Structure formats: C-alpha cells, structure tokens
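Okay, so the sequence shown: first residue is 194 according to my numbering, each after it adds one.
Read the hints as simulated data drawn from the structure, not as lab findings. A couple of the hints might just be wrong.
In the EDC-like style, the derived pairs of lysine to aspartate or glutamate whose C-alpha atoms are separated by at most 20 angstroms in a straight line are [unchecked claim]:
id: 1; residue 1: K474; residue 2: E383
id: 2; residue 1: K375; residue 2: D346
id: 3; residue 1: K475; residue 2: E499
id: 4; residue 1: K451; residue 2: D483
id: 5; residue 1: K319; residue 2: D526
id: 6; residue 1: K415; residue 2: E265
id: 7; residue 1: K415; residue 2: D500
id: 8; residue 1: K434; residue 2: E383
id: 9; residue 1: K475; residue 2: D360
id: 10; residue 1: K302; residue 2: E420
id: 11; residue 1: K415; residue 2: D356
id: 12; residue 1: K404; residue 2: E429
id: 13; residue 1: K381; residue 2: D449
id: 14; residue 1: K474; residue 2: E384
id: 15; residue 1: K255; residue 2: E265
id: 16; residue 1: K381; residue 2: E265
id: 17; residue 1: K474; residue 2: D458
id: 18; residue 1: K381; residue 2: E420
id: 19; residue 1: K302; residue 2: D458
id: 20; residue 1: K302; residue 2: E450
id: 21; residue 1: K475; residue 2: D342
id: 22; residue 1: K302; residue 2: E241
id: 23; residue 1: K415; residue 2: E284
id: 24; residue 1: K415; residue 2: D481
id: 25; residue 1: K434; residue 2: E452
id: 26; residue 1: K319; residue 2: E450
id: 27; residue 1: K381; residue 2: D481
id: 28; residue 1: K415; residue 2: D342
id: 29; residue 1: K404; residue 2: D483
id: 30; residue 1: K434; residue 2: D458
id: 31; residue 1: K255; residue 2: D481
id: 32; residue 1: K302; residue 2: D313
id: 33; residue 1: K415; residue 2: E300
id: 34; residue 1: K404; residue 2: D298
id: 35; residue 1: K475; residue 2: E380
id: 36; residue 1: K415; residue 2: D346
id: 37; residue 1: K404; residue 2: D520
id: 38; residue 1: K375; residue 2: D390
Since this is a predicted model, take the numbers as computed values, not measurements.
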Amino acid sequence: MPIIDKYEPQTIFGENEAANIEAPRVLIAPNRYVQGQGVIVNLGRYLEVVCMHEEDYGILWKHTDNRIGETETRRSRRLVISTVATVGNYEYGFFWYFYQDGGIDYEVKLTGIVNSAAVDPGVEPKNGTLVAPQVVAHNHQHYFNVRLDMMVDGQNNSVYEVDTVTDPISDNNPHGNAFSVKRTLIEKEEEGVRIIDPFSARYWSVTNNSKQNYLGQPVSYKIAPGENVLPFHHDEAVIMKRAAFMTGHMWVTAFDEKEMFAAGDYPNQHPGNDGLPSWMKKNRALTDTDVVVWYTFGHNHIPRLEDWPVMPVAYTGFSIRPSGFFDRNPALDVPPSVNNCCGESVCACSH
C-alpha cells in the first residue's frame with residue numbers, strides 16, 4: 194500500500210476494495226501509516242482493501258501480411274494490483290499494471306468531491322471556477338512520488354537521461370530527416386534532480402553495464418513520463434519548502450534503507466527541505482551501484498462544471514518498459530485467441 198503525505202487528519206484508507214471493484218482476488222493490506230497534521234496514525238490491519246485481478250487490454254501485437262493474405266494477432270492481458278484511499282474530500286486509486294511484454298504501468302485515478310467554498314452573488318473568482326450559484330471550486334494540484342528501488346538484473350545499476358536530438362545536415366544526413374539519442378550519465382547525487390522534457394521525448398534508462406543481452410548491449414529498463422506538471426506555487430510558499438520533492442520529476446539517490454519518504458519522515462514538523470533535497474547534498478556516487486529512483490508526477494486541476502458535484506476520474510502516472518533487457522519480444526509465445534465473432538476460426542480483429 195502506498196504511503197500518502199497529506200494535510201488531512203481524518204484520512205481513511207480503502208474501505209473494502211472488493212466492494213468497489215469486481216475482482217476475483219483480494220489481499221490483506223499490510224500495516225501502514227499516514228502522515229497528517231504532525232501525527233502518525235497507525236491504520237492497523239484491514240481485510241479486502243487490495244485488489245488483484247487480470248483483465249483484457251486489447252491488442253498485444255498484430256500484423257497483416259498483404260502478400261499472402263494472413264493476419265497474426267494476439268490479445269493483451271494485464272495483471273492489475275490496486276487499492277483506493279479516501280483522503281479528505283478526494284479518492285485516490287493506486288493501480289499497478291503488469292503486461293505480458295515485460296512492461297509495467299503505474300496509474301493514479303483521482304475522483305471524489307472538489308474542494309469548494311461560498312462566494313458573494315456576482316463574484317467571478319480568480320483562483321477557481323464557479324460550479325454552482327455562489328459556489329467556487331478552487332484551482333489546485335495533486336502530487337505523488339513513487340520510490341523505485343531498482344534492480345535491473347542485479348544491484349550494479351547506473352541511470353542515464355536520454356534525449357532525442359536532431360542530427361545536423363551532412364553527407365550522412367543530406368535530407369535532414371535523421372535524428373538520434375543523447376545519453377547523459379547521472380554520476381553524482383547533485384546531478385540527480387531532473388525535469389521532464391516533452392520536446393526531446395526525454396526518458397530515463399536504468400542500466401546494468403555488467404550484464405549484456407545477446408547483441409552485447411547492456412540490459413536496461415526505461416522510465417517514461419505520462420501526464421506531469423511543475424508546481425505553480427510561489428517559491429516562498431510553505432508547501433514548496435516542506436514538499437520540495439515537487440520541484441523535480443526524477444530524483445536519483447544511492448540506496449539507504451532509512452531514506453523512505455520523499456518529504457522526510459515528518460513533513461508537517463520541519464521548516465523545509467527535508468527528505469530528498471537534504472539527501473542529495475550527500476553527493477554520493479551513482480555509477481554501477483545500488484540506486485533508488487524517485488519519480489514525482491502531478492495533476493493540475495482547474496475545475497470544470499462537469500466536476501461538480503462529484504468529479505469523474507482523472508488519470509496520471511508513468512510507465513516502465515524493458516529496453517534491451519530481453520533478446521526479442523517476450524510476448525511471442527502468447528497463443529492466438531478464439532473469439533465468438535469469428536466462429537471457430539482464430540480471431541484477427543482484436544479491437
């Protein structure tokens with residue numbers, strides 16, 4: 194179960210997840226706690242709050258050979274492990290997805306009741322949206338940080354930032370349509386605070402240089418951003434000091450079992466810059482060692498009328514994909530499906 198840093202003392206974790214999601218499997222939630230209002234609340238042990246099930250996910254892979262008129266299609270199934278937490282006025286669904294091609298997705302689903310307040314008649318609020326007569330829903334953001342203790346074929350890992358760049362026109366690129374990747378090794382912790390860059394299709398590669406695939410290349414997994422944003426709070430705002438992990442999307446540290454929470458152990462009781470900002474000052478080496486990557490992702494919420502009185506689910510998250518870890522597509526052995534729409538023949542539509 195996730196650990197949530199939140200300024201809500203009445204936090205309640207997933208009341209009977211099995212009642213909310215039709216799932217064939219349920220697990221027992223481990224003992225965890227929530228940090229709120231400067232206190233630690235032990236949530237104890239609850240039944241049926243973690244859901245584990247498998248679901249269809251459309252096309253896994255497909256190709257039609259027009260020369261011989263044959264089509265090969267495989268359907269995707271993914272393993273889903275999830276829980277839902279009620280945190281104040283919001284519900285957060287935390288979903289891990291595991292795919293047959295070795296890929297992993299982490300997704301947070303946001304729903305619940307937007308924070309609202311009363312305003313005088315005729316007032317057009319600057320920092321929110323009118324969702325009902327004299328009712329304003331405030332502009333806000335949601336931030337999450339996931340601690341990933343990576344072990345890509347062992348503990349001797351290094352992290353590279355990978356950007357796509359345009360190649361200059363040359364004899365090898367006369368038409369100017371070639372592009373390549375630039376890999377930047379993150380060698381020390383002071384270099385380990387990174388920002389997403391959609392203009393360069395940036396991602397991060399966790400690589401084991403001591404292990405090779407069958408082509409002699411080092412094995413790796415890549416971490417790619419989904420929806421994300423930076424905070425719009427003023428630099429002097431208290432939250433920017435106590436939750437300074439929001440200022441970077443990717444943080445890379447050397448492993449330390451005491452370093453567990455991005456904002457530190459007591460985010461409501463310290464003056465600021467605890468957690469990741471303080472650990473980065475140690476400037477430990479990050480090459481061919483046991484590394485931890487911390488991915489911060491956020492959702493910027495400018496409320497809509499359609500979010501009232503209860504908001505439909507919004508989504509945010511990131512993906513983890515094998516990149517040279519396998520010698521080929523690991524999903525080649527998935528058998529073809531037989532679908533009712535195709536009778537007894539192998540189904541090729543797989544929409």
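Given the hinted pair K415 and D356, is their alpha-carbon gap at most 20 angstroms?
Given that 20 angstroms is the threshold and the Cα spacing comes to 12 angstroms, the pair holds.
Do the alpha carbons of K319 and E450 lie within 20 angstroms of each other, as the hint requires?
Not OK: K319 and E450 at ~45 angstroms, beyond 20 angstroms, violated.
So if I understand the rule, the pair passes when the alpha-carbon distance is 20 angstroms or less; does K302 with E241 pass?
This hinted pair holds, its Cα atoms lying about 19 angstroms apart.
Decide if the proposed pair is consistent with the structure: K404 and D298, CA atoms, cutoff 20 angstroms inclusive.
Judged against 20 angstroms, a Cα distance of about 24 angstroms means the pair is violated.
With the threshold set at 20 angstroms, check whether the alpha-carbon distance from K375 to D346 stays at or below it.
24 angstroms, violated
20 angstroms limit on alpha-carbon distance, applied to hinted pair K434 and D458:
14 angstroms, holds
Pair hint outcome, K474 versus E383 [Cα-Cα no greater than 20 angstroms]
6 angstroms, holds
Would the hint linking K415 and E300 be met if the CA-CA limit is 20 angstroms?
Distance of about 16 angstroms is within 20 angstroms: holds.
Restraint check for K475 with D342, where alpha carbons must lie at most 20 angstroms apart:
18 angstroms, holds
With a cut-off of 20 angstroms on the C-alpha distance, tell me whether K404 and D483 pass.
15 angstroms, holds
Check the hint pairing K451 with D483 against an upper bound of 20 angstroms on the C-alpha distance.
14 angstroms, holds
Can the restraint linking K302 and E450 be considered satisfied, given a maximum Cα separation of 20 angstroms?
29 angstroms, violated
Of the numbered hints given earlier, the model fails hints 2, 3, 5, 6, 7, 9, 12, 16, 18, 19, 20, 23, 26, 31, 32 and 34; all others are met.
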